[in-house]
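Asker: Residue strings, one per chain:
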Amino acid sequence: QSALTQPPSASGSPGQSVTISCTGTSSDVGGYKYVSWYQQHPGKAPKLMIYEVSKRPSGVPDRFSGSKSGNTASLTVSGLQAEDAADYYCSSFAGTNNWKVFGGGTQLTVL
Amino acid sequence: QLQLQESGPGLVKPSETLSLTCTVSGGSINSSSYYWGWIRQPPGKGLEWIGSMYYSGSTYYNPSLKSRVTISVDTSKNQFSLKLSSVTAAETAVYYCARGGWLAYFDYWGQGTLVTVSS
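Heads up: the sequence lines are chains A and B, in that order. Under my numbering, the first residue of the first sequence carries the number 12, and numbering increases by one thereafter. Under my numbering, the first residue of the second sequence carries the number 110, and numbering increases by one thereafter.
It should be emphasised that the hints constitute simulated quantities derived from the structure, not laboratory data. Honestly, I wouldn't trust all of these hints.
Residues from chain A shown here face chain B by an in silico Cβ test under 8 Å; the list is partial [stated by the list, open to error]:
hint : residue
1    : His52
2    : Ala56
3    : Tyr62
4    : Glu63
5    : Ser65
6    : Pro68
7    : Tyr100
8    : Phe104
9    : Trp110
10   : Lys111
11   : Phe113
12   : Gly115
13   : Gly116
14   : Thr120
DMTMM-like, lysine to aspartate or glutamate: derived pairs with alpha carbons at most 20 Å apart [claimed, not checked]:
hint : chain 1 : residue 1 : chain 2 : residue 2
15   : B       : Lys175    : B       : Glu200
16   : A       : Lys55     : A       : Asp98
17   : B       : Lys175    : B       : Glu157
18   : A       : Lys58     : A       : Asp73
19   : A       : Lys55     : B       : Glu157
20   : A       : Lys58     : B       : Asp216
21   : A       : Lys58     : A       : Glu94
22   : A       : Lys79     : A       : Glu94
23   : A       : Lys55     : B       : Asp216
24   : A       : Lys66     : B       : Glu200
25   : B       : Lys154    : B       : Glu200
26   : B       : Lys122    : B       : Glu200
27   : A       : Lys44     : B       : Glu200
28   : A       : Lys44     : A       : Asp95
29   : B       : Lys192    : B       : Glu157
30   : A       : Lys58     : A       : Asp98
31   : A       : Lys79     : A       : Glu63
32   : A       : Lys58     : A       : Asp95
33   : A       : Lys66     : A       : Asp95
34   : A       : Lys58     : B       : Glu157
35   : B       : Lys154    : A       : Asp98
Between beta-carbon pairs, the in silico distance windows are [what the hints assert, rightly or not]:
hint : chain 1 : residue 1 : chain 2 : residue 2 : range
36   : A       : Ser89     : B       : Ser195    : 42 to 52 Å
37   : B       : Arg177    : A       : Thr36     : 18 to 28 Å
38   : B       : Gln110    : A       : Glu63     : 38 to 48 Å
39   : B       : Arg177    : A       : Ser37     : 21 to 31 Å
40   : B       : Ser227    : A       : Gly81     : 40 to 50 Å
All residues carry an ideal CB built from backbone N, CA and C; glycine is no exception.
Please model the entire structure based on the sequences and the hints provided.
Answerer: This is how it looks when you write it as structure tokens:
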């Protein structure tokens with residue numbers, strides 16, 4: 012069982028927006044600004060999409076945005092495109108006992 | 110362009126020690142700005158953080174694996190390594206090495222290497 016809870020699946024039509032949630036506790040997501048999101052296509056390594064809750068690395072389209080409220084972080088993909096279909100994982104710093112945890116992943120389908 | 114490449118045996122017997130090396134090219138592992146980590150992913154399942162280290166030797170381990178994990182660095186070869194002892198079949202997974210900003214994120218990943226634990 013993963014430390015962070017994500018919905019197993021999400022979907023949207025091209026051009027629409029979809030939001031994926033990531034729920035933790037005050038000991039991880041809620042307690043720190045160190046939430047990150049990764050995109051993983053089948054057979055490929057994960058790719059960093061969002062770090063420190065809402066920052067985008069260079070080269071990541073601004074269609075991807077991140078936010079946090081309380082113990083829940085969210086990744087929003089706007090203007091869905093076919094290539095956005097992938098698995099998405101959230102991760103958070105979890106304090107000096109557990110250090111770092113991942114969510115179970117969400118499979119995003121573009122209809 | 111920074112690149113990371115995992116290497117090591119693809120098959121390990123149960124109860125033995127899994128050993129992998131990550132070779133970093135296009136950048137120095139001595140950088141004071143970054144940490145280096147290992148993450149694994151069982152087939153069809155999610156990601157699990159194994160541990161991270163700083164070039165100076167400071168290490169941080171997943172508490173559920175801490176008693177069996179060692180991550181070390183060889184700055185002369187620009188490499189860092191993972192050793193996981195007493196492995197079981199449940200630890201069959203793709204093992205990734207990655208560069209991170211402290212324990213906040215991983216921005217560069219290796220392609221991953223599949224390690225199968227089987228007799």
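Asker: State for each hint whether it applies.
Answerer: Consistency of the hints with the structure:
1. His52: violated (12 Å)
2. Ala56: holds (4 Å)
3. Tyr62: holds (4 Å)
4. Glu63: holds (6 Å)
5. Ser65: violated (12 Å)
6. Pro68: At about 6 Å, which falls below the 8 Å cut-off, the nearest Cβ of chain B leaves the hint on A/Pro68 intact, so it holds.
7. Tyr100: This interface hint holds because 5 Å falls under the 8 Å limit.
8. Phe104: This hint holds: A/Phe104 lies near chain B, its Cβ roughly 5 Å from the closest one there, short of 8 Å.
9. Trp110: Holds - the Cβ of A/Trp110 comes within 8 Å of chain B, reaching about 5 Å at its closest.
10. Lys111: holds (4 Å)
11. Phe113: holds (5 Å)
12. Gly115: holds (5 Å)
13. Gly116: holds (4 Å)
14. Thr120: Since chain B brings no Cβ nearer than about 17 Å to A/Thr120, farther than 8 Å, the hint is violated.
15. B/Lys175 to B/Glu200: The hint holds at about 14 Å.
16. A/Lys55 to A/Asp98: Distance ~11 Å between A/Lys55 and A/Asp98 Cα, so the pair holds.
17. B/Lys175 to B/Glu157: Status holds; Cα separation ~13 Å.
18. A/Lys58 to A/Asp73: With Cα atoms ~15 Å apart, A/Lys58 and A/Asp73 stay inside 20 Å; holds.
19. A/Lys55 to B/Glu157: Distance ~16 Å between A/Lys55 and B/Glu157 Cα, so the pair holds.
20. A/Lys58 to B/Asp216: This hinted pair holds, its Cα atoms lying about 7 Å apart.
21. A/Lys58 to A/Glu94: Within the cut-off at roughly 13 Å; holds.
22. A/Lys79 to A/Glu94: Judged against 20 Å, a Cα distance of about 25 Å means the pair is violated.
23. A/Lys55 to B/Asp216: Since the Cα atoms of A/Lys55 and B/Asp216 sit roughly 14 Å apart, the hinted pair holds (cutoff 20 Å).
24. A/Lys66 to B/Glu200: Violated, at roughly 33 Å.
25. B/Lys154 to B/Glu200: holds (12 Å)
26. B/Lys122 to B/Glu200: holds (11 Å)
27. A/Lys44 to B/Glu200: violated (31 Å)
28. A/Lys44 to A/Asp95: Violated, because 25 Å separates the two Cα atoms, which is more than 20 Å.
29. B/Lys192 to B/Glu157: Holds - the C-alpha atoms of B/Glu157 and B/Lys192 are around 16 Å apart, at most 20 Å.
30. A/Lys58 to A/Asp98: Satisfied, since the Cα-Cα distance of roughly 10 Å is no more than 20 Å.
31. A/Lys79 to A/Glu63: holds (10 Å)
32. A/Lys58 to A/Asp95: Distance of about 12 Å is within 20 Å: holds.
33. A/Lys66 to A/Asp95: OK: A/Lys66 and A/Asp95 at ~18 Å, within 20 Å.
34. A/Lys58 to B/Glu157: The given pair, whose Cα atoms are some 15 Å apart, holds under the 20 Å limit.
35. B/Lys154 to A/Asp98: holds (11 Å)
36. A/Ser89 to B/Ser195: 42 to 52 Å: holds (47 Å)
37. B/Arg177 to A/Thr36: 18 to 28 Å: Once the Cβ atoms are compared, 26 Å apart, the range 18 to 28 Å for A/Thr36 and B/Arg177 holds.
38. B/Gln110 to A/Glu63: 38 to 48 Å: violated (23 Å)
39. B/Arg177 to A/Ser37: 21 to 31 Å: Because 29 Å falls inside the window, the suggested range holds.
40. B/Ser227 to A/Gly81: 40 to 50 Å: Hint holds: Cβ distance 44 Å, inside 40 to 50 Å.
Of the numbered hints listed earlier, those contradicted by the structure are 1, 5, 14, 22, 24, 27, 28, 38.
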